[in-house]
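Asker: Residue strings, one per chain:
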Amino acid sequence: MQPSAKYLYYPGCSLKGTGIAYEESLLTTFRLLEMPVKELPDWNCCGATTYMSISEESATLLAARNLALARQTGSKDLLAPCNACYLTLRKSQEMVAHYPQIARQTEQFLEQAGLPRLDSVRVRHPLEVLYNDVGLQRLRELTVRRLQGVRMASYYGCQAVRPYGEVDDPHDPTRMDEILKAVGVEVVEYSLKTKCCGGPLTGTIHDAGVRLNYILLKEAVRRGAQAIVTICPLCQFNLDAYQAEIRKQTGEPIDMPILYLTQVVGWALGGEFRELGLHRAISGRKLVEQWFTAKKEAETYV
Amino acid sequence: MERQIRYQREADLEWAHEFTKHPNCERLLSCIQCGTCSGTCPLSIYMDLTPRQVMALVREGFREDVLRSKTIWLCASCYSCSVECPQNIRITDIMYRLKREAIQSNLYPKRFPVPVLAQEFCELVRRRGRNSEFWVVLRMALRSNPLVLLNMARTGWDLWRTGRLSLRMERIQRVNELQYLPTASKEVD
Ligand code: SF4
Ligand code: SF4
Numbered sequence: 001m002q003p004s005a006k007y008l009y010y011p012g013c014s015l016k017g018t019g020i021a022y023e024e025s026l027l028t029t030f031r032l033l034e035m036p037v038k039e040l041p042d043w044n045c046c047g048a049t050t051y052m053s054i055s056e057e058s059a060t061l062l063a064a065r066n067l068a069l070a071r072q073t074g075s076k077d078l079l080a081p082c083n084a085c086y087l088t089l090r091k092s093q094e095m096v097a098h099y100p101q102i103a104r105q106t107e108q109f110l111e112q113a114g115l116p117r118l119d120s121v122r123v124r125h126p127l128e129v130l131y132n133d134v135g136l137q138r139l140r141e142l143t144v145r146r147l148q149g150v151r152m153a154s155y156y157g158c159q160a161v162r163p164y165g166e167v168d169d170p171h172d173p174t175r176m177d178e179i180l181k182a183v184g185v186e187v188v189e190y191s192l193k194t195k196c197c198g199g200p201l202t203g204t205i206h207d208a209g210v211r212l213n214y215i216l217l218k219e220a221v222r223r224g225a226q227a228i229v230t231i232c233p234l235c236q237f238n239l240d241a242y243q244a245e246i247r248k249q250t251g252e253p254i255d256m257p258i259l260y261l262t263q264v265v266g267w268a269l270g271g272e273f274r275e276l277g278l279h280r281a282i283s284g285r286k287l288v289e290q291w292f293t294a295k296k297e298a299e300t301y302v
Numbered sequence: 001m002e003r004q005i006r007y008q009r010e011a012d013l014e015w016a017h018e019f020t021k022h023p024n025c026e027r028l029l030s031c032i033q034c035g036t037c038s039g040t041c042p043l044s045i046y047m048d049l050t051p052r053q054v055m056a057l058v059r060e061g062f063r064e065d066v067l068r069s070k071t072i073w074l075c076a077s078c079y080s081c082s083v084e085c086p087q088n089i090r091i092t093d094i095m096y097r098l099k100r101e102a103i104q105s106n107l108y109p110k111r112f113p114v115p116v117l118a119q120e121f122c123e124l125v126r127r128r129g130r131n132s133e134f135w136v137v138l139r140m141a142l143r144s145n146p147l148v149l150l151n152m153a154r155t156g157w158d159l160w161r162t163g164r165l166s167l168r169m170e171r172i173q174r175v176n177e178l179q180y181l182p183t184a185s186k187e188v189d
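From first to last, the protein sequence lines stand for chains A and B.
All residue numbers for the first sequence refer to this note's numbering, where the first residue is 1 and numbers rise by one.
All residue numbers for the second sequence refer to this note's numbering, where the first residue is 1 and numbers rise by one.
It is worth saying that the hints were derived from the structure and are not from the lab.
All residues carry an ideal CB built from backbone N, CA and C; glycine is no exception.
One thing to keep in mind: the hints can contain errors.
[To be verified] Partial selection, computed: residues in chain A whose CB lies under 8 Å from chain B: (1) T18; (2) N44; (3) L61; (4) Q93; (5) M95; (6) A97; (7) Q159.
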């Protein structure tokens, strides 16, 4: 562990928009961990799951520009908190490594654009950085307060763990549970933790997307969870934003906070309500307020 | 009634053969039709062809049937099928390739929101370097089905009051660097 290691940060579009609470809590958490994070200058959109459906070439090159910009700053680690950004950047690297023709195209593009050649930038997901670079032991030590009697389900979504499996095991990931336990959170078994939330489908084929979210929420309730913890802005958005609609459609009283891992960890490390973006919850607002604005004395470890 | 039987003479084996030469599509022919992909796919109940059927139809060269299907647009790129396939076939990437070809050949379902969204999104990113969530969704809705805007109003309001809706049009500084991306006509390779 190097506490002074400089992490570059690739926000992607969501963390500046609907997922702004993820950015706020990420920056706060890493500040509390004394691991400075710097935003990648002039980053462009990663292309998400969409650009690949229009052009494989351009999708790869868009991601490559970001990697080249990262290379330019001299940093080795590029944090990509959004699952789609993470995968897109990783995938671009993989395409370049496997297909000489794509590598040539990429080189040519970077040269024309006046950018440096690709080099060994490591694309990292915050979950895996918290687990590997910080470690459970240090998280345990730095924890200053904990939630009493709140049970949470960890939810990974798809693209952090699949297909590469570098953030966690693609079939049975456990690192998020371990991190949550380390900062004093009670976790429940949750078998749907890598089931897809529908991604952008809630905006396009709405019914199909909302149904997937209903299944995820319902199962979390059935497992006794009072909140779901996510590591992807789109998962958070999908699960958070449509609960009113789900209540109306199904008549079930689901009103569950959907939190970012960095909000929960950041709070345990001493972060404050607003700087962790906790005021931006749509569902389960009362619970969020109740849990995270409790008096400090009561929360501190004895 | 829709005809169910496919005839061999309608198949284009040349196309199928070419298909497997593309990046990440090489292993298509090793499919053993076990159906694991369809079993694991969270969207298969909404699909007109299951992922397993898509693999079989591509392999046999039923080009149009596959390219016209809704299935490829329902695929959310969750990679479940890809990590579960016992033959290591990169099904998600094959779906991507089919999406590109469907747009290129103009065989995608018009006004179906997914390809419309994809086009709007890519155009915005090409021109400005960044996506602006609000504007992309708005343009997609206007082009496919403006009625959905009514349903979106509530979500929009929730996002607005929690400070999560940005109306800003994002743009990168060195947008000129993007002119070296392959041009739109070559775009769909
Ligand atoms: S899981 Fe793989 S081998 Fe099995 S049907 Fe699907 S593509 Fe074929
Ligand atoms: S990647 Fe697409 S086809 Fe495969 S399981 Fe996910 S949604 Fe289904």
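Asker: Kindly indicate which numbered hints from before are broken by the structure, ordering the numbers from low to high.
Answerer: Violated: hints 4 and 6.
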